[in-house]
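Asker: Sequences are here, hints too, so could you generate the full structure?
Protein sequence lines, in the order shown, are assigned to chains W and E.
Sequential numbering from 1 applies to the first sequence in the numbering used here.
Sequential numbering from 1 applies to the second sequence in the numbering used here.
Errors might be hidden in some of the hints.
[Claimed, not checked] Cross-link-like lysine to aspartate or glutamate pairs, in silico, EDC-like; alpha carbons within 20 Å at most:
hint, chain 1, residue 1, chain 2, residue 2
1, W, Lys197, E, Glu293
2, E, Lys291, E, Asp388
3, E, Lys129, E, Glu200
4, W, Lys197, E, Asp173
5, W, Lys125, W, Asp139
6, W, Lys196, E, Asp85
7, W, Lys164, W, Asp146
8, W, Lys164, E, Asp100
9, W, Lys196, E, Asp173
10, E, Lys129, W, Asp139
I should point out that these hints are in silico values taken from the structure, not numbers from a laboratory.
Since this is a predicted model, take the numbers as computed values, not measurements.
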Amino acid sequence: MTQPAFTIWITGLPCAGKTTVGKMLTQNLLERGLLVQRLDGDEVRRELCSDLGFSRADRHTNNLRVAYVAGLLNKWGVVSVVCQVTPYADTRSELRRKLPEFVEVFLDCPLEQLINRDVKGHYKKALAGEIKNFTGINDPYEPPEDPEVYCNTHQLTLAETVTKITGYLEEAGLIGPAAGGDAAEPYTSEQEAVVKKRLADLGYL
Amino acid sequence: MGLLKRFFSKSPARSRVFVLGLDGVSHSMVSGSLGRSLVPNLTELVNGGTLLPMRSVLPTMSSVAWATYFTGVNPAKHGIFGFIDRHPNPFQAVMPTARDLKSLTLWEHLSRYHREIGVMGVPLTFPPKQVNGFMVGCFFSPDLASATFPVELAPRLMEMDYRLDVDTSLARDDLGAFLADLDETLSRRFLACRRLMAEEPWDFFQLNVITTDRINHFLWGPWEDGDEDLARAFSAFYRRLDAHIADLVGELPSGCQLVILSDHGFTRSAGVVYLNHWLEANGYLLLGMGKKELRNMHAETRAYSLAPGRIYINLEGREERGHVPSGRPYEDLREELIHRLGGLAHPETGQPLIKAVHKREDLYHGAHLGRAADLIIEPQTGFDFKADLGRADLVGSDHITGAHTIDDAFFFVNDIDLAPSEPITLLDAAPTILELMNLPAPEAMDGRSLL
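Answerer: Rendered as structure tokens:
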């Protein structure tokens, strides 16, 4: 029987870096020998949800459809990396209930930075009133309160963001350490000995 | 939800909070006649607000307790269960660090709301996290160079001869040197704090003092016994702490809210209980050939313990050489141990050693419950449970004469009258501090704001 896999759900405002982080994370996990499928917001909208718009109900349905696919993939041992805005807290709670192992990754970034970044020009249009229901401008984004991984993409580099996510997956026992052993250990053996002695002197060990 | 508003409207006046953490200082030490003699300034200070006794957590250890404080959640959510934890398969004892935290910290919440923060010396802050401000790690940091965020802070602290902890091995070998080290460590910490308070921008600042826990561990007995020199040294230490606190409070910016709290209380040590001795003597723990270490336990072991008072069933499918099947046999064994340990008494004095033996699911709830010990012992006051192997007796004593207590930590906030309807716990501190800063407490937090 295949070991069931898990879903990494990357949520955040438009332009927060979800697709970029998702791609790099997928590559990282593939290199570790895992089966991985990325489900990206734009592609899913085109292929699976072209009938849906951007109302609250439609966004909810869009997210649930993707979760269904992600869950099927998980069942056969494939890690799903989902990159979608997923703006509503109650939708994300439902995803958490539906998926067997749900890792919520919140890419946070101050809105003013995103407006500066605006790679697709959507913020500009939304601020000019040309796009309706644009998350962050005229549609709400409810930030996750307790995500498994929180990354401020304004402060972290892309590589640091991916390392933080894989670090969590390792700590949670969802994946093994990267081949060749990375620098994830907080202590060298000498440093660990120093701290252990400190605890031993206190009778804590 | 007003995200746009938050960035583009003028933000309301920010509230500043300073938190002083006093490790291992009991409620009774900062109130009443004991408080007036030991720390007179602090005792007067706490009259100008609300001082409450506060319950700590099980196991009552600084790392578990402070993690509970700064996440506002119970150990099965934040994932820290002791100074030592274990990977079951293959068996490996590990030392959890801040990287093992599974919940967001107060500092991360505040950073997300773009509050500027400074955190110094709070246990389980190594490795220091990237925050909107600065952090100086705790005594889990191997050295100062790796203890700070940002790294540029380390040389400034080195210049001030900042100390991460005292050298407690001195307490056994050279008490005079130990006392001098305590004073140096204490005064340098306050000095560094006052400089950073003045030089760095902050909305939230927390300074933790660890030397209180250290002196309590080693000098509690002589202090209670009225030992001529050591009792005087104990009192002198607290008077100096009291003066440092008065100086620091005098420098707080006007309107800054002050919170002072401890993570657990202290009492006279009644003895050290070697739980693995009992498990071995009663046939639950079998050690194979070779070095007496838990990783060499025999395949027919049914239970073993890690300090303090955490019992793991050698469960099939979970442990490296699991022996006890899950389901009924696992439950029966837990019941048997609860029953037998509940009556455990001091072999010489007949004193009961254990207040209660808890199943993990009765103490904790959360996603990481599966990593908690299967049974957690709540000791009778003063008894400390350890996991040494090869001890000749069930109960022993050593040069550590003070022991942690769970019920008499304290929480103080200035200028505000609080009248909580129920006794408070460490879980309530973080939601309260967030509310003092006009920020909402995340629903995932287990505690409640006391305001």
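Asker: So, for every hint listed, does it hold in this structure?
Answerer: Okay, the hints, checked on the actual structure:
Between W:Lys197 and E:Glu293 the CA atoms are separated by roughly 17 Å; this keeps the pair inside 20 Å, and the hint holds. Between E:Lys291 and E:Asp388, the direct Cα distance comes to roughly 13 Å. Compliance with the 20 Å bound is thereby established for this hinted pair. With a C-alpha separation of about 18 Å, the suggested pairing of E:Lys129 with E:Glu200 holds against the 20 Å cut-off. Only pairs whose Cα atoms come within 20 Å are accepted, and W:Lys197 paired with E:Asp173 is accepted, the gap being roughly 15 Å.
A hinted pair counts as satisfied when its Cα atoms are at most 20 Å apart, and W:Lys125 with W:Asp139 qualifies at roughly 14 Å. A threshold of 20 Å between alpha carbons decides the hint, and for W:Lys196 with E:Asp85 the separation of about 13 Å falls inside it, so the pair holds. Proposed proximity of W:Lys164 and W:Asp146 is supported: the alpha carbons are some 16 Å apart, at most 20 Å. A C-alpha spacing of about 12 Å is found between W:Lys164 and E:Asp100, which places the hinted pair at or below 20 Å, so the restraint holds.
Distance restraint check for W:Lys196 and E:Asp173: the Cα-Cα separation of roughly 19 Å lies within the 20 Å cut-off, and the hinted pair is therefore satisfied. Using a Cα cut-off of 20 Å, the hinted pair E:Lys129 and W:Asp139 is violated, with the two alpha carbons roughly 32 Å apart.
When the structure is compared with the earlier hints, a violation turns up for hint 10 alone.
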